[in-house]
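Engineer: Residue-level listing of the chains:
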Amino acid sequence: MTLTHSRRTTVRPRETSKTRRRLRRPGSYAAYAYVAPFFLIFGAFAVYPWLDTAWVSLHDTRLTTYGHSHYVGFANYRNLFGHTFFWNALKNTFSIGIISTVPQLLMALGIAHLLNTRMRGRTFFRVALLMPYATSLAAATVIFVELFGVDFGLINWILHSGLHLGKIDWQGSKWPSQIAVSTIVTWRWTGYNALIYLAGMQAIDESLYEAAAIDGASRWRQFLHVTIPGLRPTILFTIVVSTIGAAQLFGEPLLYDPIGQPQGGTSGYYQTLGVLMYQQGWTNDRLGLAAATAWTMFVIIVLAVGLNTYLVRRRERRSGISRRPLNVPAAGALEAIR
Amino acid sequence: MTATVNRREVRKPRRERRRTASGRPFAAGPMTYVIASLIALVSIFPLYYTIVMASHTNSEMAAKVPPFFPNGSFFTNLRAALKLAPLNKGMLNSLIVSSTITIGTVAFCTLGGFAFAKLRFRGSAFLLGFCVLTMMVPTQMGIIPLYMMMAKLGLANHLQAVVLPTLVTAFGVFFMRQYISSAVPDELIEAGFVDGAGSLRVFFSVVLPAARPAMAVLGMLTFLTAWNDFFWPIIALSTQNPTVQVSFQSLATGYAPQQSIIMAGTLYGTLPVLVVFALLGRHIVGGIMQGAVKG
Chain A
1 MTLTHSRRTT VRPRETSKTR RRLRRPGSYA AYAYVAPFFL IFGAFAVYPW LDTAWVSLHD
61 TRLTTYGHSH YVGFANYRNL FGHTFFWNAL KNTFSIGIIS TVPQLLMALG IAHLLNTRMR
121 GRTFFRVALL MPYATSLAAA TVIFVELFGV DFGLINWILH SGLHLGKIDW QGSKWPSQIA
181 VSTIVTWRWT GYNALIYLAG MQAIDESLYE AAAIDGASRW RQFLHVTIPG LRPTILFTIV
241 VSTIGAAQLF GEPLLYDPIG QPQGGTSGYY QTLGVLMYQQ GWTNDRLGLA AATAWTMFVI
301 IVLAVGLNTY LVRRRERRSG ISRRPLNVPA AGALEAIR
Chain B
1 MTATVNRREV RKPRRERRRT ASGRPFAAGP MTYVIASLIA LVSIFPLYYT IVMASHTNSE
61 MAAKVPPFFP NGSFFTNLRA ALKLAPLNKG MLNSLIVSST ITIGTVAFCT LGGFAFAKLR
121 FRGSAFLLGF CVLTMMVPTQ MGIIPLYMMM AKLGLANHLQ AVVLPTLVTA FGVFFMRQYI
181 SSAVPDELIE AGFVDGAGSL RVFFSVVLPA ARPAMAVLGM LTFLTAWNDF FWPIIALSTQ
241 NPTVQVSFQS LATGYAPQQS IIMAGTLYGT LPVLVVFALL GRHIVGGIMQ GAVKG
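Residue numbers (the working numbering), protein chains in the order written: chain A, 1 to 338; chain B, 1 to 295.
Simulated from the structure, these hints should not be mistaken for laboratory data. Do not rely on the hints blindly, as some may be mistaken.
Okay, the calculated beta carbon distance ranges per label pair [said to hold, decoys possible]:
1. B:I44 <-> A:H164: 26 to 32 Å
2. B:A210 <-> A:S267: 55 to 61 Å
3. B:L208 <-> A:E206: 31 to 37 Å
4. A:T309 <-> B:F75: 48 to 54 Å
5. B:Q160 <-> A:L208: 50 to 56 Å
6. A:L311 <-> B:N88: 45 to 51 Å
7. B:P185 <-> A:R317: 31 to 37 Å
Computed list of lysine-lysine pairs in DSS-like fashion (alpha-carbon distance at most 30 Å, straight line) [what the hints assert, rightly or not]:
8. A:K167 <-> B:K64
9. B:K64 <-> A:K174
10. A:K91 <-> A:K174
11. B:K89 <-> B:K152
12. A:K167 <-> A:K91
Every residue, glycine too, gets a C-beta built ideally from N, C-alpha and C.
Could you put the whole structure together from the sequences, leaning on the hints where they help?
Structural biologist: This is the structure:
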């Protein structure tokens with residue numbers, strides 16, 4: 001169920017019931033064999049590359065000199081932090097991250113609240129909500145590129161002909177292009193998060209609502225004082241997951257570029273760290289610099305997740321709500337981002 | 001409980017009361033349906049409009065009032081798209097890659113999840129915690145060495161290069177562990193051991209049948225993720241031997257990209273998975289929500 005659960009079960013054998021001891025013996029050696037295939041593959045194709053990336057980041061590495069490039073210490077990191085393109089990408093990653101996750105999670109919360117009712121056609125609405133999640137990032141971006149087209153896009157047509165407003169340059173100006181990229185993310189992930197919230201809401205003890213109603217709380221107050229506190233662990237996970245996703249945003253800004261270059265638009269308005277890493281490695285053949293960018297991203301994710309967790313947990317402690325560790329859907333969303 | 005039920009029945013004729021009254025689930029009012037339908041519309045409209053764009057010619061799409069209903073040019077556009085991009089090859093490759101990854105992930109992760117859930121061994125808490133923490137690592141962290149590794153192994157541009165790194169996922173192990181530890185009673189496992197079965201025998205005859213629903217959910221999620229994966233495949237594969245997501249890239253190249261053709265190709269490569277999803281969607285929804293409740 002949870003990580004604490006695992007800790008609890010490892011403690012259990014001390015209670016020394018007969019059956020436990022029997023269970024323990026046949027398991028212990030074979031267990032390593034059962035986890036071995038996973039850890040061998042995972043170690044070779046995940047853990048080893050991460051460590052190797054750290055090594056590459058300390059060397060002046062090109063595609064041709066890979067493996068026998070010379071050690072440069074932290075020069076790649078100094079180089080990275082000394083350039084405006086890094087700070088531009090960092091700022092964009094941050095602002096696109098905010099624009100794409102804050103409204104997304106708020107909307108998801110509202111949608112979940114709306115769907116947390118007895119209604120007909122429940123399955124239809126839920127599947128419809130999840131259709132964007134099933135659409136690939138590449139397809140979704142291609143579709144939204146057309147919708148956000150400056151001259152013939154549907155959105156500008158509605159703005160211009162429908163609402164008699166000016167056309168917006170969704171490609172060539174900063175905030176509109178960041179909003180467009182964020183829209184793709186929001187469209188794909190809102191329904192997924194709404195379903196996670198909905199599941200969390202349905203797990204909240206019904207008697208809490210009854211007690212609140214007896215005390216005369218309106219549905220809105222019930223939402224604020226029963227639903228939100230009960231959902232706080234779930235909210236924390238969605239925040240953590242969205243933060244991780246936002247920090248490594250790559251496909252949307254890459255494919256939103258009009259000529260498909262890893263530059264975040266001709267003026268770099270929506271250049272993100274993820275795209276910058278790709279550009280340095282695969283367009284400029286500066287693998288050392290790209291590796292330094294990747295590790296910097298990892299450190300940023302760890303810091304951001306730590307900060308988010310600290311902030312939410314601090315509020316939890318203040319309001320006296322017990323801690324609950326990472327759960328399955330959060331981990332699932334984590335996986336789905338990649 | 002009873003008090004609320006009674007109250008609701010007494011007040012039933014007055015609709016407003018029914019919505020604010022206590023007790024869940026609330027009955028959905030007409031506004032709920034209106035708003036829910038609007039949300040469903042926003043979710044589906046971009047996909048619907050893809051069909052509209054894919055079935056018109058470029059000049060029709062550039063009309064003063066753009067069309068809102070599908071037309072007849074889809075197959076003409078699709079033929080042009082198939083000339084530009086190896087979409088069929090891409091779909092076949094994606095099918096091979098995604099199926100292999102799904103089988104590997106479900107098999108290895110169920111086995112590992114079983115060990116973490118039901119067998120006691122030194123370091124299991126550490127290893128599981130490590131798995132969970134690795135989910136924070138961005139994809140970008142691994143791709144440079146992976147690319148070099150694949151080149152060295154002679155697998156660059158081969159499908160194996162896409163399959164191998166995603167053959168297992170930390171999420172899969174964690175997901176299966178969560179499910180098995182709550183869905184398979186310890187007593188059942190112990191009974192197996194008491195009867196003299198080895199742990200592998202217990203796995204196949206006790207755990208596997210009980211874990212089937214979770215394996216199905218993990219399989220569907222893994223297939224979807226693998227089919228839609230984009231970052232690593234565009235690095236590992238060329239546009240000559242692409243997965244379907246990589247093959248989309250060839251649609252927009254050329255002198256003047258034609259949006260109708262791009263849309264027809266995108267629709268063609270996306271539709272199969274969307275149709276399957278619409279059919280299996282309720283199970284996937286159930287899986288995601290079930291996982292959430294377990295948390």
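Engineer: All the hints need checking, so say for each whether the structure fits it.
Structural biologist: Going through the hints against the structure:
{"no.": "1", "hint": "B:I44 <-> A:H164: 26 to 32 Å", "verdict": "27 Å, holds"}
{"no.": "2", "hint": "B:A210 <-> A:S267: 55 to 61 Å", "verdict": "57 Å, holds"}
{"no.": "3", "hint": "B:L208 <-> A:E206: 31 to 37 Å", "verdict": "35 Å, holds"}
{"no.": "4", "hint": "A:T309 <-> B:F75: 48 to 54 Å", "verdict": "53 Å, holds"}
{"no.": "5", "hint": "B:Q160 <-> A:L208: 50 to 56 Å", "verdict": "53 Å, holds"}
{"no.": "6", "hint": "A:L311 <-> B:N88: 45 to 51 Å", "verdict": "50 Å, holds"}
{"no.": "7", "hint": "B:P185 <-> A:R317: 31 to 37 Å", "verdict": "35 Å, holds"}
{"no.": "8", "hint": "A:K167 <-> B:K64", "verdict": "14 Å, holds"}
{"no.": "9", "hint": "B:K64 <-> A:K174", "verdict": "27 Å, holds"}
{"no.": "10", "hint": "A:K91 <-> A:K174", "verdict": "12 Å, holds"}
{"no.": "11", "hint": "B:K89 <-> B:K152", "verdict": "25 Å, holds"}
{"no.": "12", "hint": "A:K167 <-> A:K91", "verdict": "26 Å, holds"}
Violation of the numbered hints given earlier is absent; every hint is satisfied by the structure.
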